[in-house]
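Student: Here is what each chain is made of, one letter per residue.
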Amino acid sequence: MNYETPPLLRLCNISYSHPGTSASLLQDINFSINREHVGLIGPNGCGKTTLFQLIMGLLKPDSGTILLEGNAVTKSRDIKKLRRKLGFLFQHSDDQLFSPTVLEDVAFGPLNLGLSPDDARDVSVQTLEQLGLKDFEGRITHNLSGGEKKLVALATILAMKPQLLLLDEPSNNLDPATRERLIEILRGLDLAHIIISHDLDFLAATCTTLYTVQDGSLQRCEQKQVHSHEHIHPYGDYPHQHGT
Amino acid sequence: MNYETPPLLRLCNISYSHPGTSASLLQDINFSINREHVGLIGPNGCGKTTLFQLIMGLLKPDSGTILLEGNAVTKSRDIKKLRRKLGFLFQHSDDQLFSPTVLEDVAFGPLNLGLSPDDARDVSVQTLEQLGLKDFEGRITHNLSGGEKKLVALATILAMKPQLLLLDEPSNNLDPATRERLIEILRGLDLAHIIISHDLDFLAATCTTLYTVQDGSLQRCEQKQVHSHEHIHPYGDYPHQHGT
Amino acid sequence: MISEPFSSGSTLFHCSDARVKVIGGTVLSLVLATTTSFAVAMIGFLFTSLLLLISRPSPGLILKRIATVNIFTLFLLFSLPLTYGGADIVQLQYFQISLDGMRIACLIAIKTNGILFCFLALLATSSTVSLGHALERLRLPRKLVFLLLFSYRQLFVIHQEYLRLHRAAQLRAFTPSNSLHTYRTYSHLFGMTLVKSWNRAERVHQAMILRGFDGRLIPLKQPQLRKSDYLLLASLLLISLILAGFSLNNPV
Amino acid sequence: MHISEGILSTPVLAGSAVLTVMGTAVGLKKLDYDRIMTVSLLSATFFVASLIHVPIGPGSVHLLLGGLLGLILGWGAFPAIIVALFLQAIFFQYGGIIVLGANGLNIAGPAVLCGLLLHPMLLGTRKQQMTAGFLAGFCSMFFSALLMAGALFLSDQGFLKVASLILASHFPVMIVEGLITMFVVTFLVRVQPEILSLTTSPQ
Ligand SMILES: Nc1ncnc2c1ncn2[C@@H]1O[C@H](COP(=O)(O)OP(=O)(O)OP(=O)(O)O)[C@@H](O)[C@H]1O
Ligand SMILES: Nc1ncnc2c1ncn2[C@@H]1O[C@H](COP(=O)(O)OP(=O)(O)OP(=O)(O)O)[C@@H](O)[C@H]1O
Ligand SMILES: [Mg+2]
Ligand SMILES: [Mg+2]
Chain A
308 MNYETPPLLR LCNISYSHPG TSASLLQDIN FSINREHVGL IGPNGCGKTT
358 LFQLIMGLLK PDSGTILLEG NAVTKSRDIK KLRRKLGFLF QHSDDQLFSP
408 TVLEDVAFGP LNLGLSPDDA RDVSVQTLEQ LGLKDFEGRI THNLSGGEKK
458 LVALATILAM KPQLLLLDEP SNNLDPATRE RLIEILRGLD LAHIIISHDL
508 DFLAATCTTL YTVQDGSLQR CEQKQVHSHE HIHPYGDYPH QHGT
Chain B
308 MNYETPPLLR LCNISYSHPG TSASLLQDIN FSINREHVGL IGPNGCGKTT
358 LFQLIMGLLK PDSGTILLEG NAVTKSRDIK KLRRKLGFLF QHSDDQLFSP
408 TVLEDVAFGP LNLGLSPDDA RDVSVQTLEQ LGLKDFEGRI THNLSGGEKK
458 LVALATILAM KPQLLLLDEP SNNLDPATRE RLIEILRGLD LAHIIISHDL
508 DFLAATCTTL YTVQDGSLQR CEQKQVHSHE HIHPYGDYPH QHGT
Chain C
220 MISEPFSSGS TLFHCSDARV KVIGGTVLSL VLATTTSFAV AMIGFLFTSL
270 LLLISRPSPG LILKRIATVN IFTLFLLFSL PLTYGGADIV QLQYFQISLD
320 GMRIACLIAI KTNGILFCFL ALLATSSTVS LGHALERLRL PRKLVFLLLF
370 SYRQLFVIHQ EYLRLHRAAQ LRAFTPSNSL HTYRTYSHLF GMTLVKSWNR
420 AERVHQAMIL RGFDGRLIPL KQPQLRKSDY LLLASLLLIS LILAGFSLNN
470 PV
Chain D
1146 MHISEGILST PVLAGSAVLT VMGTAVGLKK LDYDRIMTVS LLSATFFVAS
1196 LIHVPIGPGS VHLLLGGLLG LILGWGAFPA IIVALFLQAI FFQYGGIIVL
1246 GANGLNIAGP AVLCGLLLHP MLLGTRKQQM TAGFLAGFCS MFFSALLMAG
1296 ALFLSDQGFL KVASLILASH FPVMIVEGLI TMFVVTFLVR VQPEILSLTT
1346 SPQ
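Taken in sequence, the protein lines are chains A, B, C and D.
If you read the first sequence in the numbering used here, its first letter stands for residue 308, the second for the next number, and so on.
If you read the second sequence in the numbering used here, its first letter stands for residue 308, the second for the next number, and so on.
If you read the third sequence in the numbering used here, its first letter stands for residue 220, the second for the next number, and so on.
If you read the fourth sequence in the numbering used here, its first letter stands for residue 1146, the second for the next number, and so on.
In case anyone wonders, no lab produced these hints; they're calculated from the structure.
Virtual Cβ for every residue (Gly too), placed ideally from N, Cα, C.
All the given hints hold, so there is nothing to weed out.
Over 12 Å on every C-beta distance to chain D, these chain C residues come out as not near it, computed from the model:
id, residue
1, 229
2, 269
3, 273
4, 278
5, 312
6, 437
7, 438
8, 447
9, 468
10, 469
Using C-beta positions, here's what the derived DEER-type ranges look like:
id, chain 1, residue 1, chain 2, residue 2, range
11, D, 1291, C, 307, 23 to 33 Å
12, C, 454, D, 1203, 42 to 52 Å
13, B, 379, C, 456, 58 to 68 Å
14, B, 491, D, 1201, 51 to 61 Å
Please model the entire structure based on the sequences and the hints provided.
Tutor: Written as structure tokens, this is what we have:
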């Protein structure tokens, strides 16, 4: 047992409440992930985004430890290291993009990691190509459509070569076509991920394990056999999708 | 035929393109509504929100007329009258709430309509109660959660007693419970509405007619009989919903 | 974060009409600001300290505010005696200490804090919104009051927007340093915030006119002046008048 | 950059208050209700700038960006800055009510002046735009510091040395303000030029 390599990320007894609130939002969260594809569901305001912020070191847990490859993340050096290995896609892409053009935005992370401007550009161009955003380099980020922004935000993260993706409601506000494309992309990446979503079909297509946050605790859903239930609505002839 | 009362709202041959763009976004839109419950679908960026802005007089059509109860809306007096009868719920509630507290925000419209502060307060309190937001009066609007903001934004509109609601993606970012509540509320209101949404189940629950915007034109979907198709995904035992 | 920590409470000042506090506070501050008399400044300082005590602010916060304001006062207290010059010079080893400079620095320290206490006790005990409406009823230009109320309302939204962008930069390994890259990054963060505000302005404006807005903000609460308000105003004005009289008769 | 209460002499307070009232009046007069929302939001954004700390040498300074506001709003920057200063007084007790006139004049005056004078340069080449941006940031800060020093000196001749000390200590800040304003200007030119009134926006 002791000779096993520790998991990439592990949460031990994490508890948290927002300053100024009395009841604790998250209680004794235990969780570990190595190379899995995990989905995370739960009602609005139950603390899903907060959990991601705790993991990324944007919030400090009231108690408990976060372990990266077996080492507790405590000092700001550790947090920096953790942030290099984990990529966090925000719930709102608008909050994530701030450079004038797409290329500059994608190259921002690699530049901060110490790459030369030329290398940073190469990495960025590659990443954009990988996501099918080849001609986007010169586009003004602010003018992109919602779906395009989401994909570019994903590119800014992938360009930093993370080992684990934290995606916060990635399929929100996407039209069916863009949503399909995102599913294809996520399946094509050979990366561990945790996806928050209210869209169960999206999770079914991208994840193998599902957790729920409810009343402050994180629980793994029993993996029952695939269920099938009937489903009725009008206008079934219009090309449609469930759960956008 | 000529003795019939004209419909509440009617669009005749409306065409529009955003200034600076060459291709026209919307072309020859014809549409009328009286007391129906209408759903509106279409891909991202096809001009659904733009159509609402045209109706509300926030944008001026390149050609075509808008008729309110049979009278063309041209002068600013007509537009004012139209804006009293139609309530527009924005895609982003953040843009719609601008007063410090919920009560002040809801009372803003009634005050502008000339109600005395006391009457405006009464109307607002009533509206909030109707939406199940009774204890929200003193809350600071910018601290509300996304779902709460949406409901308060709806209250600000209902407080002005409109005859037709234009709702732009009202179910976005709502959790299943809040979404259900919104459906209940919309069904409980005895008001005509047009709802933009990517969420077909939501539309099925709240609308009787469905239109699509595609390639600039507005088309009514043929109302086929209710269809049923099988539907498979894992974790079916978790209480779930399709299309959030 | 931005907040108005002193505006909530139930003391005499929290319950008083904002118009009364604006007038009384401004007149009293004006007397203190223009006086050159040590005695008047001192009496005024003691009086406003009393006012501050009555408003019962939270001690930790109030000390912090007083400390920030007094950084400059401290700078003057150290620098003026060395640089002021004048006739009264005391030689202290290598330093020439100007007694005039010392006197001026002390006077400034007393006046600064006196006015600060007056502000904290009278104005900071009202919310910005009620101050805004008070200013409008005191006949300040309507457009100016509108600017005040609306920038106040949007402040929090814009600040949070900036903070989220800043956080996104941090998560992408951004570490500030003395470099062009750092300055460019801050410019982009701020520029994006600006662009968003600009576009939000249009949408919020639309939301307002859709709800019948025509340039006038109608307050929901129309506070009525009570007896205690008149009493407070009268006593503040009386004290100011007495101090002003003293101040004119004793220029030093 | 703010002068606190209790330092300036009565004539200086009165004189600057009069000028500030005049500047605000002009700004308000040129402002119609269609633009007032934009000015409110920019005023709030200007306030937020003062919460942004950028590193400089071993420490950090907060931004002012008055020159930028001047470029964007012209005379409208005057009331916008006054409102932001009033809010700063309420929230942080920077400055105060009685010195609002002096602080307003010191900051808004140069901002409007630089904005109006340099705006035509924005219509030129990229290099000219960058120069205009840098100068707007640098000069508005320089004149603000100069006015501040002047206000101190006019209040009491004995403040001469302290005032020049303050002026000198602001030089690095002027350079940072210049650089940041320059970068923000090029950002706006690329992302949304109508903010700088470089293209006719649909009104
Ligand atoms: N900075 C904060 N201070 C106080 N409370 C906060 C703060 N941020 C979030 N909250 C509250 O904490 C709760 C959890 O928020 P969180 O964003 O984690 O929810 P979520 O599960 O991501 O919800 P959603 O599905 O709507 O995104 C909410 O009730 C929210 O109002
Ligand atoms: N002010 C504007 N100037 C120029 N183009 C604009 C403007 N506003 C919107 N557009 C463009 O017009 C198109 C239609 O926008 P609209 O917001 O109506 O789409 P939508 O159907 O509501 O999409 P979504 O489902 O994403 O909300 C988009 O391509 C958008 O980029
Ligand atoms: Mg969330
Ligand atoms: Mg839309």
